Structure formats: C-alpha cells, structure tokens
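In case you want the letters, here they are:
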Amino acid sequence: MPRVHLQAPLTQATSGQSVVEVNGATVTELIEAIETRFGGLRKMIYNERGQLHRHIIISVNGEDIRFLEDHDTAVRDGDEISILPVIAGG
Amino acid sequence: MRFTDEQMERYSRHIILPEIGGRGQERLLAARVLIVGAGGLGSPAALYLAAAGIGSLTIIDFDDVQIDNLQRQIAHATSSVGKPKAISVRDRLSDLNPDVQVKGITARLARDNILDLLAEHDAVVDGSDNFPTRYLVNDACQMTKTPLFTGAVLRFEGQVTTFKMQGEGPCYRCLFPEPPAAGLIPSCQEAGILGSVVGMIGTIQATEVLKHFAEIGESLEGTLMLFDAVSMEFRRITVRKTPDCPLCGVNPRITELVEEGQFCEDSPQ
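Residue numbers (the numbering used here), protein chains in the order written: chain A, 11 to 100; chain B, -19 to 249.
To be clear, the hints were calculated from the coordinates, so they are not data collected in a lab. Model, not experiment: these values are computed from the prediction. Relax, there's no trap hidden among the hints.
Quick partial rundown of chain A residues pointing at chain B, CB under 10 Å, derived from the structure:
#, residue
1, 18
2, 21
3, 28
4, 54
5, 57
6, 64
7, 69
8, 73
9, 90
10, 92
11, 96
12, 98
C-beta atoms are modelled at their ideal positions from N, C-alpha and C, and glycine is treated no differently.
Based on the sequences and whatever the hints tell you, model everything.
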C-alpha cells in the first residue's frame, strides 16, 4: 500500500499517527480512504470550495502534485506521499 | 587580508579543510548576516555563525527572555531572564568571538525597517515564529535578491530550506503561496516543541549559510527538507519556481511589501 506521511498539526485528523497506509490508485482516493478511516482530514486541508488550502502541500515521492497530475496523480504500492502545512515555529 | 596569530589558531579547523582554507575563512569574515528572531532557531544559528567567524551579525527580536524560553533557546541564560533577547544574544556572541561585529536590535521587523536592514546584509536567516514576519521576510528578500535561509518547527518536526533568490530560483511563496487563516495552524506555544529539534533545524540553517559564503557543495535550494524526530527520518520535497506564485510568478499579485496572516498572541518576532 502507499504510505502517507502527515505533518503536525494534520495528525490531529489521524488519531496522532504520522504515517498511514491506505489503499487507493490516486491522491484523491488516498485522501478519501483516510477520511473514511478517521474523519476530519478534508476539513483541515481543503477550503469551503473544496480546493486545497494554499498553505498545504501534497507530494508523491518528493514531487509536489501541482507539478504532476494534481489530485489525479497515480499512486502505487510503496509510493511515499506527504501532506504537510506551512509551519511558523521558531 | 592577513590573519592574526589568534585568528589562525581560532579558525584552524576551518583553514585546514581544503574546501575552505584561508580564502574561504576570509569570505566568512567578510560576510554580513541578519538573523530574524533570537529564539529557538536563532540561538543555535547565531552561535555557530559567530563561532565560525561570520564577520558581521545582526539579530533582531522585540521580546524579552522568559524562563519558558530556556528549554530550547540556548543562547540565553537563566541570568538573562527579563533582558531583551537581542541584547542577551549580542552579549553571548561578543563573548564567544570578538572578531564578529554583533548588533542586537530590539524591535519588530516590519515593512518600515526591513529594506534598510537588508541593504546592510548579504543574507538572512529566518528564525521567526509567526506567519506575517515569515512572508514579509520572503517578500523583501525576493524583491532585493537577498539569499534566505529559512527553517520552521512544530512539535517533533522541522522544515528547512534555502532560497538563493537568484535567476530562476523559487521563493517561499512558490512553495506556500499564502499564509493560513487565523487558527488553522497552531504556534509552538500552543502545540509544543521538543527542545533539541530547534537545534537540529537551526544548525542546518547555519550550515547552509557557511557553505554559501565558503562556496562549498550543494545547497538546499530547490529542496524542502523535512525532519521528524519521532521516526528520526529526513525526507525531501522538490521545490520549483511556480508560474502562479503571487510574488515571483507570471502575474504577481504582490508588488509591494505587505504584512499578511495572523500574529499569535505573545509571539516573539
């Protein structure tokens, strides 16, 4: 299964887990699978129009999905997906 | 320049490295670096840069040292509680290395003072702890083509990268175009931070600065490095110049300095 890494505070939506393995063929399907398992991730990463917040990045194998096929980017077993917010702690 | 005997001794571990040598050390001694924030990231960055002989260091922070800073802000001491942080760090650095011209400024970095400060420095280390300052620093560095060495932390994790701001390189807004609305992303004060994580990220920022001025190796430009202390893993995400970047994209929305996003209460610089 693809592995999805989440950075704080998004782990609030995965019961504190920073790595989640879920089934799915695209980024959209992975996010839906996480939403179904835990509930709450969509609300943290999308705005009211359903668009990804401009302070959140999703990457597949280190490449920002804005430079791939966005949410339709295909994923497969062993792929590493990251979902992370801008943070400001100093 | 000619090194004094004391400088030859002080910097001998640098000078003996063929990649640095006397020429590299001279370049470090000629460099002028602005450090934004004398907190968790600013402390280790400032200490290593001063120790390495960066010739001129300015630290700006408007806050005073508090006892709950000392779990991670290693440039300060218990005896400094109540003192302005910029002055506390200035005194520590001057004591560490008298070669360094150290300036401590007790003020909030803002639209009305940032450009004058950038004009006097060759690079910026961002160790601030709030979004308006981070976006302001990026925008001003991008507009003035000043290299920016940025890091941020939360809980057990850190993010660190370098923006050289030259040619077709990306900026912070290429990565994160807009700051979050109030309340979406907590501060360290609200969410906590493992003390040593700021040391790991701040020293990576300092290492990037030293390599930049000594002209060594590969930088983190084009790579956002993520660190997770729980799994003890580093991961990398490629950072590209984004055509719709609101600052340096094809049709920029931002053409002058702005202060966007929410200050958290009690936020030191």
